[in-house]
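J.: Protein sequence lines correspond, in order, to chains Z, A and B.
Counting from 1, position 106 in the first sequence corresponds to residue 501 in the numbering used here; the numbering is continuous, with no gaps.
Counting from 1, position 315 in the second sequence corresponds to residue 313 in the numbering used here; the numbering is continuous, with no gaps.
Counting from 1, position 34 in the third sequence corresponds to residue 76 in the numbering used here; the numbering is continuous, with no gaps.
Note that these hints are calculated values from the structure, not bench results.
Honestly, I wouldn't trust all of these hints.
[Said to hold, decoys possible] Here are some of the chain A residues that sit facing chain B, going by a computed Cβ distance under 10 angstroms: (1) GLU8; (2) GLU88; (3) THR89; (4) ARG94; (5) ALA149; (6) ALA151; (7) GLU158; (8) GLU159; (9) GLN163; (10) ARG164; (11) LYS294; (12) LYS310; (13) LYS313.
[Claimed, not checked] Computed spacing ranges between beta-carbons, pair by pair: (14) ASN511(Z) x GLU168(A): 13 to 23 angstroms; (15) LYS57(B) x GLU22(A): 19 to 29 angstroms; (16) LYS526(Z) x GLU22(A): 37 to 47 angstroms; (17) GLN228(A) x THR507(Z): 32 to 42 angstroms; (18) LYS311(A) x SER92(B): 48 to 58 angstroms; (19) TYR127(B) x GLU168(A): 37 to 47 angstroms; (20) LEU77(B) x LYS455(Z): 56 to 66 angstroms; (21) ASP128(B) x GLU19(A): 28 to 38 angstroms; (22) LEU77(B) x VAL153(A): 20 to 30 angstroms; (23) ALA116(B) x GLY274(A): 35 to 45 angstroms; (24) LYS311(A) x GLU61(B): 48 to 58 angstroms; (25) LYS157(A) x ALA116(B): 55 to 65 angstroms.
[Said to hold, decoys possible] Cross-link-like lysine-lysine pairs, in silico, DSBU-like; alpha carbons within 35 angstroms at most: (26) LYS513(Z) x LYS588(Z); (27) LYS57(B) x LYS24(A); (28) LYS523(Z) x LYS119(B); (29) LYS5(A) x LYS119(B); (30) LYS526(Z) x LYS157(A); (31) LYS306(A) x LYS612(Z); (32) LYS526(Z) x LYS310(A); (33) LYS45(B) x LYS294(A); (34) LYS181(A) x LYS526(Z); (35) LYS455(Z) x LYS526(Z); (36) LYS134(B) x LYS20(A); (37) LYS526(Z) x LYS307(A); (38) LYS612(Z) x LYS526(Z); (39) LYS526(Z) x LYS588(Z); (40) LYS57(B) x LYS311(A).
We put the beta carbon where it would ideally sit given N, CA and C, even for glycine.
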Amino acid sequence: MKNQNLYNYIISIADNSLILAQRLGELCGHGPTLETDIAGTNISLDLIGQTRNYYQYAAKIQGEGKTEDDLAFLRLEREYKNVLLVEQPNDHFGYVMGRQYLFDVFHLLFMTEMLNSKDETLAAIAKKGIKEVSYHKRFSGDWIKRLGDGTEESNAKMQEAIDDLWVYTDELFDITEADAAMISEGIGVDTSKFKELYYTEILALLTEANLTIPESKYFTRGGKKGIHSEHMGYILSDLQYMQRTYPNMEW
Amino acid sequence: MSNEQIKNLEEIFEARIARDEKIEPKDWMPEKYRKTHIRQMSQHAHSEIIGMLPEGNWITRAPSLRRKAALLAKVQDEAGHGLYLYSACETLGVSRDELYEQLHTGKAKYSSIFNYPTVTWADMGAIGWLVDGAAIINQVPLCNTSFGPYARAMVRVCKEESFHQRQGFEIMLKLCNGTQEQKDMAQDALNRWWWPSLMMLGPTDAESIHTEQSMKWKLKRKSNDDLRQQFIDQTVPQAELLGLTIPDPDLKWNDEKGVYDFGEIDWDEFWQVVKGHGPCNKKRMKDRVSAWDNGKWVRDAAMAHAEKKEAKKLKEAI
Amino acid sequence: MSKNWPLWEIFVRSKNGLEHRHFGSLHASDAEMALENARDVYTRRSEGVSIWVVESSNITASNPENNGELFEPAQDKVYRHPTFYDLPDEVKHM
C-alpha cells in the first residue's frame, strides 16, 4: 500500500468512534429515562455515521476493493487501534457519562485541529463532525455537573467513575509511528498541541461539579498499539458475530 | 351533579364524537372514557418501550454498519413513540411514574408479541415486516380517533413508523436473495413470528369485550377479525414475493369471498403468553424494572442539582 | 420520597418565517435539560430550527366550561369579516 501510514491513521480514529458507538448501543432501552435513551442513541448514531465515512475512505486508500464493513467487522483484535478509554464498560450511568466526557473533550479538540488537515476528506469529515461532537460534549458535561453536584450518592458514584477512567486519558495523546508521519505531512493532528488545554478544561468542569482529579500519575495504555483490555474480545465477539458466523454474505 | 344532568352531558358528549369533533383533555368527559383512554394509551406506550428490548438485543450484533444505524434509529423511535404516548396519557392527569408503576408491578399489560425471543438476525426482518405491519394496520385509523392528544401522537407515530416496516422487509428481501443459509434463516423467522403476529391483532370478535364502546369512541374503527383478515390479505402476496412459505397448511385463496381462508389460531398459546407465561415475559419485566431501579440515583441527582441551582439563583437575586 | 422530573411543553419553529408550534411534552429536571431532551426527542428528523420549552405547570389554561362566555360572543360579530360588506362585482382587488 502506498499510503500505509494514512490508512493506519484513519483506522485508529475510526475505531475510536466505532467502539464507543458499540458501547452506547448496548444501552438503548436500559437507561434511567426514555429521554436519556433517546439522547444516547443520537450520540451513537452520530459516531456510526463518522465511522462509515472514515472506513469508506480507508478502504479507498487501501485499494483492495474492501468495503466499510470489511474494515469495521473483519479485522483481528490486534488490528483495532482504538484507545482503551472507549472500550471501558457501562458499569453504571456515571461511567457512561464519564467515558463520554473524557473522550468528547479530546474529540472536539481533535476535530477542530483536523479541520486544517491538508487531506480534504479528513477536513470535510471534521467539518461535519465538529457540530456533532460539540453537542456530545455539552450533553456529557452537563450530566457530569448534575451527577457530581446532585446527591451524596451520585457524587460518590461519579467520582468513582472518574477515578477509574482517569488512567486511560493519557493514552489519548500517544503518538504512534503513523501519527508522527501524518503530522509531519500536515495531514494528521498534533495532539501534543492541546494536551494541556484538555486537562485544563476537564479540571475546570470537574471542579465545578464538586469532583476531584485523581492524584495518581500512573496511566494505562495499549489500545493504540492494538493491545486491548480484556473487554475488547467480548465487544468484538458481539460486533463480529454475524460476519464471522456467516462469512461472505450480504445483509 | 344529579344523575340526570350527567346523562344529559353524556348525550351531548357522545353526539360531539359522532359529529367527528375532537375531545380535548380539559373538556368534560365520562369517567369511563377517561379510564378507557388511560388504559389503552398506556398499554400502547408500554408496548413501545418493552418492544425496544427484543430489538435492542441485536444492536451490538447487527451485520453491517448500515443495518446497525437503521436498527438503532428504529429502536430509538420506539422510545420516542413511548414518550409521545405517555405524554398523551399525562394530559388526563396521570403521571408517567404512575404508569411505570402499573407496568412494573404487572398491573398494566403490553403487547404479548414482545414476549417472544429474538434468536436470529432474521427476526429483525420479521419483526419489522410482520409485527410493525400488524401494528400499522391498528394504528393508522387511530390518527383520527376522538381524543385529541391521542390522535396527534398517533399522527406523529405513523409518520415516523413508515420506515420501520420497510427496513424490516428490506432485511427479509436481502436474506431471501442470499445464500441457502440466509433463506433458511428467513423462513425460520417467518415460521416463528407468523402466528404471534396474527394473535397480536387481538382475540376473536366473539371474545373481545371492549369492542362496541371502543368503536363509538373511535378508539377502534374495525373489529379484530377484520383487521386480521386485512393483515393476512396484504401479507400473503409479500411472502410470495420473498419466496417464503406461510406456515399454515390451511391458507388458501377463497375466490368467492375474495379473501384468504386461514387455519385455526392457537388461542391457548395466546392466553398463556398474555397471562405472563410466554418465553420472555419474566426477562422483559426484569430488564425493564432493573433499568428503572438502576436509574433512580441518576434521576434523583438531576432533580437535586436542579433544586440547588434554583436556590442559588434565588439567593443571588436577593 | 424522591421527586419526579417535572413535565415541560415543547414548542418548535420548523423553519424561519413560521411561528413556534406546540410539538408535545417531555420530562426534564431543569430548563437546560428540557432543551437538550427536546432537541433529541422532537427534532431528530430535522423538524426544527428553534425550540422553546415551558414548564407545564406554568401554563394557565382557559376552562372549557367557560367557553360560552369566552368565545360565543364573538360569533355574531360578522362585521369583523370582509365578506360582511356588499360590493358590486366590478370592484376588483378589495
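J.: All hints are to be evaluated individually against the structure, with a verdict given for each.
T.: Results of checking the hints against the structure:
no., hint, result
1, GLU8, "violated, 16 angstroms"
2, GLU88, "holds, 6 angstroms"
3, THR89, "holds, 8 angstroms"
4, ARG94, "holds, 7 angstroms"
5, ALA149, "violated, 13 angstroms"
6, ALA151, "holds, 7 angstroms"
7, GLU158, "holds, 7 angstroms"
8, GLU159, "violated, 12 angstroms"
9, GLN163, "violated, 17 angstroms"
10, ARG164, "violated, 15 angstroms"
11, LYS294, "holds, 7 angstroms"
12, LYS310, "violated, 12 angstroms"
13, LYS313, "violated, 16 angstroms"
14, ASN511(Z) x GLU168(A): 13 to 23 angstroms, "violated, 40 angstroms"
15, LYS57(B) x GLU22(A): 19 to 29 angstroms, "holds, 27 angstroms"
16, LYS526(Z) x GLU22(A): 37 to 47 angstroms, "holds, 39 angstroms"
17, GLN228(A) x THR507(Z): 32 to 42 angstroms, "violated, 55 angstroms"
18, LYS311(A) x SER92(B): 48 to 58 angstroms, "violated, 24 angstroms"
19, TYR127(B) x GLU168(A): 37 to 47 angstroms, "violated, 59 angstroms"
20, LEU77(B) x LYS455(Z): 56 to 66 angstroms, "violated, 39 angstroms"
21, ASP128(B) x GLU19(A): 28 to 38 angstroms, "holds, 33 angstroms"
22, LEU77(B) x VAL153(A): 20 to 30 angstroms, "holds, 24 angstroms"
23, ALA116(B) x GLY274(A): 35 to 45 angstroms, "violated, 55 angstroms"
24, LYS311(A) x GLU61(B): 48 to 58 angstroms, "violated, 30 angstroms"
25, LYS157(A) x ALA116(B): 55 to 65 angstroms, "violated, 34 angstroms"
26, LYS513(Z) x LYS588(Z), "holds, 17 angstroms"
27, LYS57(B) x LYS24(A), "holds, 30 angstroms"
28, LYS523(Z) x LYS119(B), "violated, 55 angstroms"
29, LYS5(A) x LYS119(B), "holds, 34 angstroms"
30, LYS526(Z) x LYS157(A), "holds, 27 angstroms"
31, LYS306(A) x LYS612(Z), "holds, 34 angstroms"
32, LYS526(Z) x LYS310(A), "holds, 31 angstroms"
33, LYS45(B) x LYS294(A), "holds, 10 angstroms"
34, LYS181(A) x LYS526(Z), "violated, 42 angstroms"
35, LYS455(Z) x LYS526(Z), "holds, 26 angstroms"
36, LYS134(B) x LYS20(A), "violated, 39 angstroms"
37, LYS526(Z) x LYS307(A), "holds, 28 angstroms"
38, LYS612(Z) x LYS526(Z), "holds, 33 angstroms"
39, LYS526(Z) x LYS588(Z), "holds, 21 angstroms"
40, LYS57(B) x LYS311(A), "holds, 33 angstroms"
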